[in-house]
Amino acid sequence: MASRTADTVIVGGGIIGAATGYYLAKSGHKVVLLERSFPCSGATGRCIGGIRAQFTHDLSIRVMIESIRLFSELNDELGETVHWHQGGYLFLAFDEPRKQAFLEAIKVQRNYGLDVEFISSAECGQIVPGLNREGLLGGAYCPTDGQADPFHVTYGYLAGIKRLGGEVRVDTEVTGINTRDSKVVSVLTSKGDEFFCPNVLNAAGAWSDEICRMAGIEVPIAPDRHESLVTEAVERLFDPMLVDYRSDGCYFVQHIGTGHFVGCYTPVPLVPGRNMDATDEFITEMPRRMVRLVPKLGQVKVLRQWAGSYCMTPDGSPICGRTPVEGLYISSGMSGHGFMFGPALGKLMAELIACGKPSIPLDQFAPDREFGKAEAMK
Amino acid sequence: MRRAQLVVVGGGPAGLSAAAVAAGLGAEVMLVDDNETLGGQLIKQTHKFFGDKGHYCGVRGVDIATILSERAGEHSVTVLSATSVVGLYPGKVLGLANGDSFRKLGFESLVIATGAAENSIPFPGNDLPGVYGAGAVQTLMNVYGVRPGRRVLMVGSGNIGVIVSYQLLQAGIDVAAVVEALPAVGGYHVHAAKLVRLGVPILTSHTVKAALGAESVTGAVICRVDGRFRPVAGTDRRLKVDTICVAVGLTPLAELLWQAGCRMFHVPELGGHVAWHDEYMETSQPGIFVAGDVSGIEEASTAMLEGRVAGARAWERLNRRTRESRDIIDSARLELGSIRKGPFGEKATCGKQRLAECVPA
Ligand SMILES: Cc1cc2nc3c(=O)[nH]c(=O)nc-3n(C[C@H](O)[C@H](O)[C@H](O)COP(=O)(O)OP(=O)(O)OC[C@H]3O[C@@H](n4cnc5c(N)ncnc54)[C@H](O)[C@@H]3O)c2cc1C
Ligand SMILES: Cc1cc2nc3c(=O)[nH]c(=O)nc-3n(C[C@H](O)[C@H](O)[C@H](O)COP(=O)(O)OP(=O)(O)OC[C@H]3O[C@@H](n4cnc5c(N)ncnc54)[C@H](O)[C@@H]3O)c2cc1C
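Chains A and B supply the protein sequences, listed in that same order. With our numbering, letter number 57 in the first sequence gets 152, and the count goes up by one each step, no holes. With our numbering, letter number 154 in the second sequence gets 569, and the count goes up by one each step, no holes.
Heads up, some of the hints might be wrong.
For each label pair, taking beta carbons as the anchor points, the in silico distance ranges come out as [as the list claims (entries may be wrong)]: (1) B/PRO544 x A/GLU376: 36 to 44 Å; (2) B/PHE644 x A/PRO409: 55 to 63 Å; (3) A/SER277 x B/CYS773: 38 to 46 Å; (4) B/THR452 x A/ARG399: 26 to 34 Å; (5) A/GLY368 x B/PHE644: 41 to 49 Å; (6) A/PRO362 x B/GLY676: 14 to 22 Å; (7) A/LYS286 x B/CYS765: 23 to 31 Å; (8) B/ARG475 x A/GLU380: 46 to 54 Å.
With the C-beta cut set under 10 Å, the calculated list includes, among others, these residues of chain A facing chain B [stated by the list, open to error]: (9) ASN370; (10) ASP372; (11) ALA373; (12) THR374; (13) ASP375; (14) GLU376; (15) ILE378; (16) THR379; (17) PRO382; (18) GLN394; (19) LYS396; (20) VAL397; (21) ARG399; (22) GLN400.
No lab work stands behind these hints, which were simulated from the structure alone. Bear in mind that the values here come from a model prediction, so they are computed numbers and not experimental data. Idealized CB from N, CA, C, for every residue including glycine.
Please model the complete structure; the sequences and the hints are all you need to start from.
Structural data, given as structure tokens:
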């Protein structure tokens, strides 16, 4: 058994582990990132790459404004094309209560300087040519929201970690965390190595409860299954991510670099657990929902489908911060938004671990918070 | 949604044999294949089949396809051609795509006989028009009657490489050379000898280094390689060709098996990831069987025999063991054993052995 040392061991090679590891390495930490399978094998490689600041929770809006700033500089920062594109997000309102909820949210969002407004049904039709506007009252539209490629972003961060002298180990599962007097001592791996380190970041997504349990801690996350599909590439039809919150709605976007449409929906009722089977129900239902919104898509073929886990928390906001075990940090429970949160939460958690204080306080995401009012724009 | 007792995916020699045997025993069988014509690889094989003891030795592949399809027809197998199985879902449901339509098909038992896909190798320019898999060239020529080019470099001297080279010559196309990275020719001597007699150089310990051309292939750079397959400096040679044909092996088309949750193992002798299966071709998922190249790259003779075993066993699983089903399985297994004892069965035998030693659960 080989023993080694690190300043921070990161568990998980998704966007959260990769981004946090990068900003830590940049601040001079010796980082070792351990990934059980391969980078992006978890939720990150299964997500559809949407990025938005349209939330109802104050801290989420602030963090996302920072994340969008980081995304827009990411090509230069990482020396990698991450396919960042500000095509906007358009949340559609088909009934009065939904419209009122959006108007409420917009008030809060505008307080933070976000360029968001409620646009008419006709304006929606201009932004999304071919949109079926039957019953549409209008939509919440923010043109600075956008999209990026989860693989390029994550691999870009990982390459950065290595460039900055850190280590990334794939096919390496964390099997135990040793503590003494409620303090992190070392991390054990499936390869038989032991890493002695003062800090451990649990960035294991839907599996982060297992990691916490290794140190005797419980964390209130609940994974559920979300399915997704990608279509063949077609000419550019429209820019924004379309979000239809109706119980039989869906959300989808056209990838700017390639022309593929990718999309998902939240099943009713939810499918709890880490089951990642793709279903025949989704493959028949999802295209129907997409075509209902944009009838032209009826001519476009589906290429592939898959499933991944949303890692939900009781209030639908992330769980980020210190845990009762000294030196053990968590950044998880991304509730379906971890890709977009990745850069900013990565930077802020790195600041917390390296200097003790993030530049945007993350108290409202703290693991020991009261889980109160839920995020309305999930 | 329609439900069939037994669905066979893939209408090559393995799938056709499985379907005919199971239907012959009395099962209600549906056979799904993505081509217009049944037969799998066989429909493009205009050469007489090799193999010493196996079935149909000396018969042309395309004729074997006809015989097998007729047999399936006699046993009233329902055939869905030009239909791809695009997904295997929980609850024993397949997703079928045919043109623009998608529908579902339920099954009680399933034989997966999807065959294999051609491998490629990395070299600059390998995405230029004019770079083909050898199987694709064979399909163009022998199924569609299309000449792929005028002058060809063949990469790989296994059976596929040498047979397709010969068929290229038969079609009036020049073969500039066959390059082979190993120090010896891989394919059967008879096929290689025919090429040499016709003046085609087979360059062992050589590989393709690059494809030349802006819009499409206009040439190739080949070079010598050392014992560890590294290019030897100063041995580059340019060939004027408009087609590069890559015949560097096959990989089992195992996607549906992954989706079924079968236990998969990587066995290099079998061509890549294959599903663990018992001696009756049943995978770790009860009621799901494999046969043919998808269970390990071999040849048509073994594919047919594995298909017979899988078809009969699937029927037994749905019904009961009978004298007839037992006889089919026993005799097919006996023949498989004797083919694999032959000089060219060594690799597959070794692979199947290795797979058998893996633990299914
Ligand atoms: C269908 C779908 C669509 C989505 N769309 C979007 C979107 O548009 N925008 C958005 O922002 N978000 C989206 N999300 C959510 C987003 O994908 C996740 O929130 C985000 O990827 C979470 O990142 P992560 O790094 O926390 O987790 P993951 O990417 O799951 O990474 C965790 C990693 O930890 C590893 N791991 C687990 N246990 C161990 C161990 N013991 N040892 C070592 N490694 C371990 C896993 O292998 C995994 O790679 C979507 C999710 C899904 C499923
Ligand atoms: C050039 C060449 C020469 C050969 N010469 C000989 C020889 O002389 N003697 C010999 O014994 N063997 C020979 N072989 C090998 C032999 O052709 C193969 O081993 C044999 O065809 C394998 O049979 P199979 O049924 O497993 O697969 P295949 O013949 O590949 O049939 C599989 C079928 O399944 C279909 N399919 C795949 N996926 C799906 C899906 N998802 N949905 C629907 N349909 C699907 C495919 O399109 C195909 O029709 C040769 C092969 C080649 C390429």
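Discussion item. Can you verify the interface hint for A/ALA373: is its Cβ closer than 10 Å to any Cβ in chain B?
Written reply: With a closest approach of 7 Å, the A/ALA373 hint holds.
Practice prompt. Could you check the hint for me, namely that A/LYS286 and B/CYS765 are 23 to 31 Å apart, CB to CB?
Written response: For A/LYS286 and B/CYS765 the Cβ distance comes to about 29 Å; the hint holds.
Discussion item. Given A/ASP375 as an interface hint, is its Cβ closer than 10 Å to any Cβ of chain B?
Written reply: 4 Å, holds
Fill in: Hint check, A/THR379 versus chain B [nearest Cβ-Cβ separation less than 10 Å]
7 Å, holds
Practice prompt. Return the status of the interface hint for A/ILE378: holds when the least beta-carbon distance to chain B is below 10 Å, violated otherwise.
Written response: 6 Å, holds
Worksheet item: Does A/GLU376 meet its interface restraint, that is, does its C-beta lie within less than 10 Å of any C-beta in chain B?
Response: Constraint on A/GLU376 satisfied, holds at 8 Å.
Discussion item. The hint names A/GLN394 as touching chain B; please verify it with the least Cβ-Cβ distance against 10 Å.
Written reply: This interface hint holds because 9 Å falls under the 10 Å limit.
Worksheet item: Okay, B/PRO544 versus A/GLU376 on CB: inside 36 to 44 Å?
Response: Holds, since B/PRO544 and A/GLU376 (Cβ atoms, about 40 Å apart) stay within the stated range.
Worksheet item: How does the Cβ-Cβ distance of B/PHE644 and A/PRO409 compare with 55 to 63 Å: does it lie in that range?
Response: 57 Å, holds
Fill in: A/GLN400 as chain B interface residue, shortest Cβ-Cβ below 10 Å
7 Å, holds
Worksheet item: How about A/THR374: closest beta carbon in chain B under 10 Å, or not?
Response: 6 Å, holds
Discussion item. Let's test the interface hint: is any C-beta of chain B closer than 10 Å to that of A/ASP372?
Written reply: At about 5 Å, which falls below the 10 Å cut-off, the nearest Cβ of chain B leaves the hint on A/ASP372 intact, so it holds.
Violated hints: none; the structure is consistent with every hint.
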